[in-house]
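Asks: In case you want the letters, here they are:
There are 2 protein chains.
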Amino acid sequence: MDKEETVTLSDGAGGEKMQSFICRLVLSNLDSSAGEIPLGYLDDGAVIDDIVFTTDSYTVKPLIFPGGNIGSLSVCGTVNDLSVMGAEPIALSCSLIISDGFSLKDLDVILKSMREASDRAGVPVVTGDTKVVEKTALEGMFINTSGIGRRSDLLDSNIEAICARREFAQRWPNDSAVAPGDKIIISGTLGDHGIALLSFREGYGFETQVKTDAQPLNHMIREALRVGGISAMKDPTRGGLSNLLNEWSQKSKVGIILEEDDVPLKEPVVSACEMLGIDPLEIGNEGKAAFAVVPDLAEDVLAALRKTDEGRDAAIIGEASRDYRGVVMRTSVGGLRIVESPVGDPVPRIC
Amino acid sequence: MDKEETVTLSDGAGGEKMQSFICRLVLSNLDSSAGEIPLGYLDDGAVIDDIVFTTDSYTVKPLIFPGGNIGSLSVCGTVNDLSVMGAEPIALSCSLIISDGFSLKDLDVILKSMREASDRAGVPVVTGDTKVVEKTALEGMFINTSGIGRRSDLLDSNIEAICARREFAQRWPNDSAVAPGDKIIISGTLGDHGIALLSFREGYGFETQVKTDAQPLNHMIREALRVGGISAMKDPTRGGLSNLLNEWSQKSKVGIILEEDDVPLKEPVVSACEMLGIDPLEIGNEGKAAFAVVPDLAEDVLAALRKTDEGRDAAIIGEASRDYRGVVMRTSVGGLRIVESPVGDPVPRIC
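Protein chains in written order, with my numbering: chain A, 94 to 444; chain B, 94 to 444.
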């Protein structure tokens, strides 16, 4: 390894560059293939001894933003990582790293938001750790939340619903289980979180009414699983929906065709993305989930999602298909464009 | 709350000031009393649904120091937190927050040390997360490791050994279970980790051969539990043995008398502490555990510890007693001195 080589921002940005960085440095050193869903799967969490286990450090900037803050974000993100694995979240840990001189008032606001999000999800914070470091070592604060969950009691009936329609279903919904014909559902509008953050950062010079979408999705996902037939679930965080669908396409070895007109987007998000030259499909979200569902249950899952607060804007936006390679989108004007996995994230430090 | 108030370094230093900070801000907002050992117990981890769950963020400075680095430390610390709870560790998570421009060579060294410590403990890293932030936001890197474990199969026989000798034993060894007569055992020399770090920091102007004691203790603790009769176990990290024994004394409502001559200390640590005016009992350790053991099994537990690599310098250093209030030490010259919980940590950022 070259002595001069260093880590760069794009190594943590959630796109292709990050994948290669993680494989080259982290997996080569740490992966031991332990567990039913081990580190090497690069899934949202691990499964070991039937416990689902996940971790996330939040370095979002700014710490407080329209509609939320690092506290609510850190609870929602980890609850959602457990939920999209097919787990019922049991408990969270909360580890604070705070800069000397940090405002106690802001800290109180942040911790109160953590509690509110934790109460809304019904998932308690049960263990924690607090470190304070010098101003020169850290700007503001970081929060790590890890989470544990148990395999949802609804996964068995979910599998049965899949097996009634095709030969084989996997024990957990996962990135490699998407099959041709599966409908792709997104639970709501895309890009809100990234645009809310950008609008609040210095130097961007635009204003918007868009708020973060950060919200716990465990209750909504339970309603979807109750219908059944879900072969894969995932939350489009860093790298956005583009990254998510490319992961499904690659790991499941299936093409995916999207309908641009069906992708739910808020008008101010469309305007901001046009102004900034950003693709809304590449922006990270913190309160949305994508589902791949067996065709004849897709409308039922959609209806169940729409009945929830978190999923009221849900839409079927495409399907898995043998007729395409990779991820392709039929645009509003009728053409086809390839949807690539972003190299890095267009909006850094969104989580 | 006063608008001008801010977090200070001593709020995270492991002493009395940190206890009051945690109670005032963190517990008041986050504690929900969920679990068998909930957040409010401020123990080394939580127990919920018979899963032991713990978290720690490592902000040690410097990142690489004599005998170890932030990588090995982050594995040992979390394995030990699970082990002193009475758990068999199952798995760890690893969340990296890295500064843009960080040396890939150093990162590789750190991750290799994580793997070595994980292999030595026999506890795999199963899930992870990587964030990269700007140089202005973070100096170097932080690592969070969280861990899950299961109640050790040896705890039932450990309880039986206690119950054979007194009326009542608690389901888990814990801070409030120390009884009068219990012998206090420390598994090895104190202060090594803090002095190794200090010697390596700029501006301290002394050299020493002392290395960190960071090591996973799960195998050693298993040998001690096999003997049984252990009412409490804890690792003397931030705040050192002084903090640990004061917690036992307060939570168990019992006095503790220490024999200064029996406390194992390396000669270079004694010299460095004298030169710097630091009490070795207040320095954090990363590879030691203290045990409170029913009197007539203490020698057997000591012998079992001494047979292990990690516990070869173990010693009985005192006992719990109704004859004293708080923690008291009989000094080498025959006097008694009160051992108080440190207000802050004499060596900051040791973990």
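Hints listed in this document are in silico derivations from the structure and should not be mistaken for laboratory results. Accuracy of the hints is not assured; some may be wrong.
Note: identical chains are not told apart, hence a pair may lie in one copy or across any two.
[Stated by the list, open to error] Listed below are the simulated DMTMM-like cross-link pairs for lysine to aspartate or glutamate, each with C-alpha atoms no more than 25 Å apart in a straight line:
(1) Lys-154 - Glu-97
(2) Lys-228 - Asp-199
(3) Lys-400 - Glu-209
(4) Lys-400 - Asp-142
(5) Lys-228 - Asp-393
(6) Lys-205 - Asp-246
(7) Lys-304 - Asp-372
(8) Lys-228 - Asp-193
(9) Lys-154 - Asp-143
On a predicted model such as this, the values are computed, not experimentally measured, just so you know.
Asks: Of the numbered hints stated previously, which ones are contradicted by the structure, given in increasing order?
Replies: 4, 5, 6 and 9
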